[in-house]
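Chemist: Spelled out from the first residue to the last, the chains are:
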Amino acid sequence: MKKVTVFFLVIALCLMMSVGCKKKDDTSSGATNTPIDITHWYWADNPDYSAKMQQIVKDFNENNDQNIKVTAQEYPWDGGGYSETLFTAAMGGGGPDTAAWKLTSTPLFKANNLLANLDGYINDWTDKEDIEENLYNVMRNASGTDNIYVMPWNTQVLYVYYRPSMFKAVNIAVPTTYDEFLEACRKLTRDTDKNGKTDVYGFGMRGAKGGQEPWGSFIYGRGGDFTNFSTPQAIAGMQDFINLYKNGYVPPTAPTDGFNEIIANFKSGKTAMTIHHIGSSSGMVEALGEDVDAFPFPKGTSQWTSMGDTENVIFEACDNKDAAFEWVAYLATGKGQEEWCKTTGNVPVSKRVQAMPEFQNNKFMKVSIQGAPSAGIFPILDTTTEWINTIWPNTTAAALAGQKTAEQAMADLQKGLYGS
Amino acid sequence: MKGRKNSFYRVLNLHIPLIILLIFLLFPFYWTFVTSIKPERELYGSVVTYWPRQTTFKAYKDLFFDYNFLKPMGNSLLVALLTTSLTLSVASLASYSFSRFRFRGRRAFMILFLTNNMFPTVLLLIPLYAIMRNLGILYTPTALVLSYTTFTIPFSVWLLNGYLSDLPLSLEEAAMVDGANRPQAFIRIILPVLIPCLIATGVYIFMTSWNEYTFAVMFTNEESRTIPVALKNLIGQLGVQWDLLTAGGIITIIPVCVMFFFAQRRLVEGLTAGAVKG
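Protein chains in written order, with our numbering: chain A, 1 to 420; chain B, 1 to 278.
There's no promise every hint is true.
[Unchecked claim] Calculated lysine to aspartate or glutamate pairs in the EDC-like style (CA-CA distance at most 20 Å, straight line):
| no. | chain 1 | residue 1 | chain 2 | residue 2 |
| --- | --- | --- | --- | --- |
| 1 | B | 61 | A | 48 |
| 2 | B | 71 | A | 191 |
| 3 | B | 232 | A | 78 |
| 4 | A | 69 | B | 40 |
| 5 | A | 52 | B | 42 |
| 6 | A | 168 | A | 132 |
| 7 | A | 52 | B | 173 |
| 8 | A | 246 | A | 191 |
| 9 | B | 232 | A | 191 |
| 10 | A | 58 | B | 172 |
[Unchecked claim] Here are some chain A residues the structure puts well away from chain B; computed CB gaps all over 10 Å:
| no. | residue |
| --- | --- |
| 11 | 50 |
| 12 | 58 |
| 13 | 88 |
| 14 | 91 |
| 15 | 137 |
| 16 | 200 |
| 17 | 213 |
| 18 | 381 |
| 19 | 385 |
| 20 | 397 |
Keep in mind the hints are simulated off the structure, nothing from the lab.
Where is the CB? At the ideal position from N, CA and C, for every residue including glycine.
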C-alpha cells in the first residue's frame, strides 16, 4: 500500500513540475508574412469608448506596414482594481504586451521589473518632439528614476472656470499673474442685494478630499514645491489659501466642500471662479450657456496645475517590443490619438493633434492645452493615498478653522507624506 | 371583541414588521428595475422619480444588440452548469467515501478540505493563474470551472457528508444482500435518497459560479467573459452606465429566481437534512 502511495505521489510531483516548468510558447516571429501579435489591455468608461478603441485597433491593424496585429482586451476599471488585475496577470507570467495605464501604479510594477524601459525607443522616435518635454519629466518622476517606462496618451488638466458676466460687473480682466488672481478673488466677492451679507464669493475652494489638486497651484504660486512643504515659499502659499477663507472670499462651507459642492456653487452663481478640468465643461455650458469661460491657473513665482493622466506601457515580458512601441506610438501621436481624444474629450498629448481645429475651437480644450506645460502630479509614494484621503483634508480643515498656523499645517503635511 | 384585539396585535406585531422587512428587501430590486426602464433624461435628471414618467426598454435593447450581453450570459451558463455537474459528481463520491469507509488520513483529508476554504481567494490568484497559463487553458471556460471547483468541492463534500452520515448503513446493506454490488447500491439506493441534498448543494454551486467575479476577471478574456465581469465593465473611471447596468442586473437575477422557484421545496429539505441527528 505504501509503495503504491509513494508511486502516485512521485507521479503527481512529476506532473506538477512538468506543468510548472513548461516553457513559454515562443510566439515571436521574425517572418514578415507572419502577423506579429500584440495583446493590449485597456479599460473604457462606457460602451462608446469600447467601440472606439476597437475601431482604432482595426484601423491600426489594417494600415500598419509591419503586419502587426493588435488584439485589444477590455478589462473593468473596477475602482482601480484594473491595476491589480494587471499586476496579478503580469506576475503570473501571462500579462498583455501593452496596457492602458495610471501613473500611480508605476512604482509597484517597476519594483518588480515588469515594465520595459522606453528611453531607447523614445530617443530614436521621430515623433519625440511632438510631445511636451514636461510630460516626459512627469513620466520619469512617476518611476522614481531618470528613465521613462510610461508612454503618454491623454490627460485632463485643471484650470480656472470663471463667469465673464461677474468679471464685467466688477470691471476686472482675466488674471494673468498669481497676485492678480488673488486680487480677483477679493473683488469678485460681493453683496449684490445689499442686505449686508455676501452672496457671491470670489472663489469656490475645495477643502474636502481632492482639494489638494487646486491647493497645489497656490503652493507653486509662491515658489514652493512638493519636495518640501516646510519652505517659506510653500508656507506662504498655504497662508494665501488660509487667507482666502479667513477674509471670506470663499464660501463658509469650503472646508467640507467637495467636487459636487464646488460645481453646484459655481453653476448657481454663488462663486465666480472655481477649479476643475474639462470633464465638467459640458455641464457648465448646459447650466450657464455663454456665461462661462476658463483660463489657466496664472503664474506667480512658479506655476503648477494638477494633471489627470492615462498612459500606455509595454511589458518587459513582451516578445515584440518594437511592434508594441509602434502601437503605443500610434496611440500617442498617430491617428489613434486623434480618434480617442475626439471621442473622450480628453486633452491630447500630441502637439500636432492639439493644433487641430477640432481642439483649438473648443475654448476649454484650448485652455487645457495652454496649461499642459505646467501640469504635474503629486509625488507617488507609499504614503500618498492616505495623505490625499485623510491627512490633507484634516490638516487643511484645521488650518482654515484657525486651529493650526500655516507653518504648523505644512509641517504636518510634510510629516504625513515624507515621514519627517 | 377579544378576537378583534388579537387580530390588531397580530397586524401590529407580525404584519407591519413583515411589510417593513419586505420593503427593505425588495426595494433594491424595485429600484434596479425602475432605473432600467427610465429614459436617459429622467435617469440623470435632478428630480428623483419613483416611477418613470415615461418608460422605455431601450437599455434592454442596447444591452442585447449593441453590448452583446448574450455572449457573457452563455459563458456564465456554461461555466455554472459545468462547475455544478463536476462538483456534484466529485463531491457525492468523495462524501460517500468519507461517510462509509474508515481509512488512514480520512480525518486529515476532511480538515484539509476545510482549511482550503479558509484561504482568501486573492492569495490563490497568482499561483492559479500561472498553473492555468502553463496548462494552456487560460481564458477558456475550463480555467474558470477548475478554479471554482477548488472551493465548491470542499464545501459540497462537507455538506453532503453531513447528510450521508445520517443515512442508515442498512440501506445499502439490504441492497447488497439482494445482490447489488457497491456501485449499484450507491446509484440505485443512495443517489435517489440524496436528491434533495444534491439540489440544495447544486443551487449553492450554481449561484456561486454564476456570481463570482475575482477569478472570472483574471481567467477570462473578451471571448470568455462572464456576466459579473461584463457588468463591471459598465462601471468606468469617470462614469457609470446606470441604464445598462441595471438592465443587466435584472436579466442576471432572472435565471436564479426561476431556479429558486422550482427548487425551493427541495432546497429547504436539503439544507436542513443532516442538521438533526436521531
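Chemist: Hints first: check each against the structure and report whether it holds.
Modeler: A quick look at each hint next to the structure:
no.: 1; hint: B:61 x A:48; in the structure: holds, 15 Å
no.: 2; hint: B:71 x A:191; in the structure: violated, 60 Å
no.: 3; hint: B:232 x A:78; in the structure: holds, 7 Å
no.: 4; hint: A:69 x B:40; in the structure: violated, 37 Å
no.: 5; hint: A:52 x B:42; in the structure: violated, 27 Å
no.: 6; hint: A:168 x A:132; in the structure: violated, 35 Å
no.: 7; hint: A:52 x B:173; in the structure: violated, 67 Å
no.: 8; hint: A:246 x A:191; in the structure: holds, 17 Å
no.: 9; hint: B:232 x A:191; in the structure: violated, 48 Å
no.: 10; hint: A:58 x B:172; in the structure: violated, 64 Å
no.: 11; hint: 50; in the structure: violated, 8 Å
no.: 12; hint: 58; in the structure: holds, 14 Å
no.: 13; hint: 88; in the structure: violated, 5 Å
no.: 14; hint: 91; in the structure: violated, 5 Å
no.: 15; hint: 137; in the structure: holds, 24 Å
no.: 16; hint: 200; in the structure: holds, 22 Å
no.: 17; hint: 213; in the structure: holds, 15 Å
no.: 18; hint: 381; in the structure: holds, 22 Å
no.: 19; hint: 385; in the structure: holds, 16 Å
no.: 20; hint: 397; in the structure: holds, 26 Å
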